[in-house]
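The whole structure should be built from the sequences, with the hints applied where relevant.
Protein chains in written order, with this note's numbering: chain Z, 3 to 333; chain F, 20 to 314.
One thing to keep in mind: the hints can contain errors.
What the hints assert, rightly or not - No more than 25 Å apart at the CA atoms, straight line, and that leaves these computed lysine to any residue pairs for SDA-like:
id : chain 1 : residue 1 : chain 2 : residue 2
1  : F       : 204       : Z       : 190
2  : F       : 204       : Z       : 116
3  : F       : 204       : Z       : 194
4  : Z       : 93        : F       : 219
5  : F       : 204       : Z       : 137
6  : F       : 204       : Z       : 20
7  : Z       : 145       : F       : 219
8  : Z       : 101       : F       : 202
9  : Z       : 23        : F       : 145
10 : Z       : 93        : F       : 170
11 : Z       : 129       : F       : 220
12 : Z       : 93        : F       : 199
13 : Z       : 99        : Z       : 59
14 : Z       : 93        : F       : 145
15 : Z       : 150       : F       : 205
16 : Z       : 137       : F       : 33
17 : Z       : 17        : Z       : 84
18 : F       : 204       : Z       : 289
Claimed, not checked - Only part of the chain F face toward chain Z is listed, based on derived beta-carbon distances under 10 Å:
id : residue
19 : 44
20 : 48
21 : 196
22 : 204
23 : 208
24 : 213
25 : 215
26 : 223
Keep in mind that the hints were calculated from the coordinates and are not lab data.
Backbone N, C-alpha and C fix where the C-beta goes; we use that ideal spot for every residue, glycine too.
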Amino acid sequence: MSADKKILLSVKDLKVQFSIKPQGALPWTKPLALKAVDGVSFDLYEGETLGIVGESGCGKSTLARAIIRMIPSSAGQVLWMGNEDLLTMSKSELQEKRKDIQMIFQDPLASLNPRMTIGQIIAEPLKTHYPETSKEDVVDRVKAVMKKVGLLTNQINRYPHEFSGGQCQRIGIARALILEPKLIICDEPVSALDVSIQAQVINLLVDLQKEMGLSLVFIAHDLSVVRHISTRIMVLYLGNVAEVSVANDLYDNPRHPYTQALISAVPIPDPVKERAKKVILLEGDMPSPINPPSGCVFRTRCPLADDLCAIEKPTLKSNEGGHWVSCHHAK
Amino acid sequence: MTTLSKPMAPPSPLREFWSYFSANRGALIGLYYIIFLILLIIFADVISPYHPYEQYRQSFLMPPVWEAGGSWAHILGTDDVGRDMLSRLIHGARYSMLAGAMVVTLSLIIGIVLGVLAGFYRGTFEVVIMRIADVMLAVPSLLLAIAVVAVLGPSLLNAAMAIVVVSMPHYIRLARASTISEMSKDYVISSRVAGASSFRLMFVAVLPNCMAPLIVQATLGFSNAILDMAALGFVGLGAQPPIPEWGSMLADARQFVQSAWWVVTFPGVMILTTVLAFNLMGDGLRDALDPKLKQ
Numbered sequence: 003m004s005a006d007k008k009i010l011l012s013v014k015d016l017k018v019q020f021s022i023k024p025q026g027a028l029p030w031t032k033p034l035a036l037k038a039v040d041g042v043s044f045d046l047y048e049g050e051t052l053g054i055v056g057e058s059g060c061g062k063s064t065l066a067r068a069i070i071r072m073i074p075s076s077a078g079q080v081l082w083m084g085n086e087d088l089l090t091m092s093k094s095e096l097q098e099k100r101k102d103i104q105m106i107f108q109d110p111l112a113s114l115n116p117r118m119t120i121g122q123i124i125a126e127p128l129k130t131h132y133p134e135t136s137k138e139d140v141v142d143r144v145k146a147v148m149k150k151v152g153l154l155t156n157q158i159n160r161y162p163h164e165f166s167g168g169q170c171q172r173i174g175i176a177r178a179l180i181l182e183p184k185l186i187i188c189d190e191p192v193s194a195l196d197v198s199i200q201a202q203v204i205n206l207l208v209d210l211q212k213e214m215g216l217s218l219v220f221i222a223h224d225l226s227v228v229r230h231i232s233t234r235i236m237v238l239y240l241g242n243v244a245e246v247s248v249a250n251d252l253y254d255n256p257r258h259p260y261t262q263a264l265i266s267a268v269p270i271p272d273p274v275k276e277r278a279k280k281v282i283l284l285e286g287d288m289p290s291p292i293n294p295p296s297g298c299v300f301r302t303r304c305p306l307a308d309d310l311c312a313i314e315k316p317t318l319k320s321n322e323g324g325h326w327v328s329c330h331h332a333k
Numbered sequence: 020m021t022t023l024s025k026p027m028a029p030p031s032p033l034r035e036f037w038s039y040f041s042a043n044r045g046a047l048i049g050l051y052y053i054i055f056l057i058l059l060i061i062f063a064d065v066i067s068p069y070h071p072y073e074q075y076r077q078s079f080l081m082p083p084v085w086e087a088g089g090s091w092a093h094i095l096g097t098d099d100v101g102r103d104m105l106s107r108l109i110h111g112a113r114y115s116m117l118a119g120a121m122v123v124t125l126s127l128i129i130g131i132v133l134g135v136l137a138g139f140y141r142g143t144f145e146v147v148i149m150r151i152a153d154v155m156l157a158v159p160s161l162l163l164a165i166a167v168v169a170v171l172g173p174s175l176l177n178a179a180m181a182i183v184v185v186s187m188p189h190y191i192r193l194a195r196a197s198t199i200s201e202m203s204k205d206y207v208i209s210s211r212v213a214g215a216s217s218f219r220l221m222f223v224a225v226l227p228n229c230m231a232p233l234i235v236q237a238t239l240g241f242s243n244a245i246l247d248m249a250a251l252g253f254v255g256l257g258a259q260p261p262i263p264e265w266g267s268m269l270a271d272a273r274q275f276v277q278s279a280w281w282v283v284t285f286p287g288v289m290i291l292t293t294v295l296a297f298n299l300m301g302d303g304l305r306d307a308l309d310p311k312l313k314q
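Following this line, the structure appears as structure tokens:
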């Protein structure tokens with residue numbers, strides 16, 4: 003596929019487990035392992051956007067936080083620029099890499115320190131990584147980045163609670179951008195915003211990406227949002243990758259039964275087509291990640307499931323078009 | 020405010036703070052009273068009509084000037100050994116305020132450091148600190164203070180140390196609880212992603228957001244410290260005679276409650292008003308320091 007592009011981030015078989023004790027457990031009972039992320043691998047190329055979708059609790063945010071080592075991972079590698087493993091490097095090396103990896107959060111207001119003015123908030127990465135920067139330089143760069151994300155520079159001394167949700171998200175984006183990173187991980191950046199503001203923020207991200215050559219990992223549960231922004235899309239189910247493909251290909255020819263069900267649920271803004279559309283309804287809830295089904299994790303809700311699915315766990319396989327899917331029955 | 024003419028220019032932080040603080044009338048009254056007390060402390064030697072230790076043998080237990088038998092020589096009367104009440108009250112402000120300030124500063128600093136560390140690192144460190152604090156809270160505080168003074172020996176300074184030890188667990192718990200609740204918020208993670216060090220996370224990102232309950236606790240702690248000093252003075256373990264500390268003045272005069280009300284009432288009124296002033300000011304400080312309550 004994009005063989006000419008350089009790989010920026012390469013995640014290999016990443017696993018995150020939480021050990022939890024059931025309620026009322028005795029102190030000596032063995033804690034249960036909750037497999038939040040169970041062997042996820044993907045490559046991210048320079049300048050592209052990887053969309054990650056999946057329903058609540060499938061491990062999207064955990065994956066994002068594990069990549070930047072906010073949550074300890076139990077196995078796997080996260081290779082930066084092809085050689086350095088973010089998960090095993092020392093704290094001082096990681097500190098260097100943090101300049102290149104920033105994050106945008108779901109709740110825009112909660113991700114801003116209520117005791118700091120937005121000038122201080124946006125300047126924070128700059129001040130921690132380049133403490134020798136002079137005060138005037140800091141203010142200049144903060145103002146420049148505020149202009150870039152569409153904030154008025156005279157609001158520099160205001161506090162976060164004085165801004166609307168969309169503006170707060172712009173502040174979050176400005177903070178992520180001030181060091182001119184190579185990668186921004188967006189953890190559901192628009193789910194807390196209303197639709198018109200979502201469009202503004204997404205278009206801003208697309209524009210900034212073109213302008214600065216950013217790579218984005220874009221987590222969301224809204225499929226149309228993800229399609230709009232992503233180069234490639236990865237579908238997660240219960241901590242496992244179900245399908246990875248180029249955005250339009252995934253929407254037009256979903257190969258995994260889970261993806262097919264997800265996409266059939268997206269409303270089409272055309273009443274004729276909408277009525278003619280066949281909606282695949284999945285039965286039941288997502289199984290618990292403490293006790294996942296044997297074999298294929300999706301088999302309990304899958305219309306194609308048979309005996310093989312219960313025995314053998316499918317691996318991610320690619321067809322000739324670079325469309326990866328983990329399903330025994332995928333065509 | 021002159022900011023009206025230039026609406027976008029931000030007011031300086033100090034002026035902004037003052038505009039919120041001064042909107043609260045109770046807090047202003049508290050502040051003015053505390054300023055008045057501080058002036059008394061500084062100029063005690065100039066203002067007070069007599070030396071606080073000097074005894075006037077001709078006038079034991081002389082009533083205040085408006086009572087029958089009072090005289091303008093001793094406006095608030097004299098105590099059982101003929102010392103001028105007004106002078107002793109003015110000088111007593113020094114000891115009470117000093118003890119309160121020392122206790123609050125020390126226990127606040129130690130409590131914040133231990134509490135924030137416990138809330139930040141969790142694990143064994145937290146368990147050890149919190150269990151020690153729990154044990155200290157399980158012992159009646161005055162009893163514990165008496166035990167500490169008994170070990171150190173009775174004096175004003177040692178009594179203050181004892182009260183520091185006794186009041187510390189409250190600050191530790193409060194600081195730890197607010198640190199834990201703040202640590203789970205997204206802005207801490209975002210600070211971490213920005214590359215902030217543990218020290219910066221603890222004391223620049225998290226601590227200012229925990230300050231509101233701590234400020235309230237500190238103002239209450241100020242009054243508690245003054246009251247505890249009085250209690251220790253009462254059992255003879257606080258300020259030693261002839262130091263005119265309000266608490267021990269109150270205790271020394273307890274046998275005259277029936278016969279000479281002024282010897283007991285005036286130190287009590289001073290303690291009451293001082294405690295009230297600090298509580299009022301603490302309330303106003305909290306409102307003014309919390310940006311979420313601003314318009």
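Verification of the hints:
no., hint, result
1, F:204 with Z:190, "holds, 16 Å"
2, F:204 with Z:116, "holds, 11 Å"
3, F:204 with Z:194, "holds, 16 Å"
4, Z:93 with F:219, "holds, 16 Å"
5, F:204 with Z:137, "violated, 28 Å"
6, F:204 with Z:20, "holds, 19 Å"
7, Z:145 with F:219, "holds, 24 Å"
8, Z:101 with F:202, "holds, 22 Å"
9, Z:23 with F:145, "holds, 20 Å"
10, Z:93 with F:170, "violated, 46 Å"
11, Z:129 with F:220, "holds, 13 Å"
12, Z:93 with F:199, "holds, 23 Å"
13, Z:99 with Z:59, "violated, 28 Å"
14, Z:93 with F:145, "holds, 23 Å"
15, Z:150 with F:205, "holds, 24 Å"
16, Z:137 with F:33, "holds, 20 Å"
17, Z:17 with Z:84, "holds, 19 Å"
18, F:204 with Z:289, "violated, 28 Å"
19, 44, "violated, 25 Å"
20, 48, "violated, 28 Å"
21, 196, "violated, 18 Å"
22, 204, "holds, 6 Å"
23, 208, "holds, 6 Å"
24, 213, "holds, 4 Å"
25, 215, "holds, 5 Å"
26, 223, "holds, 9 Å"
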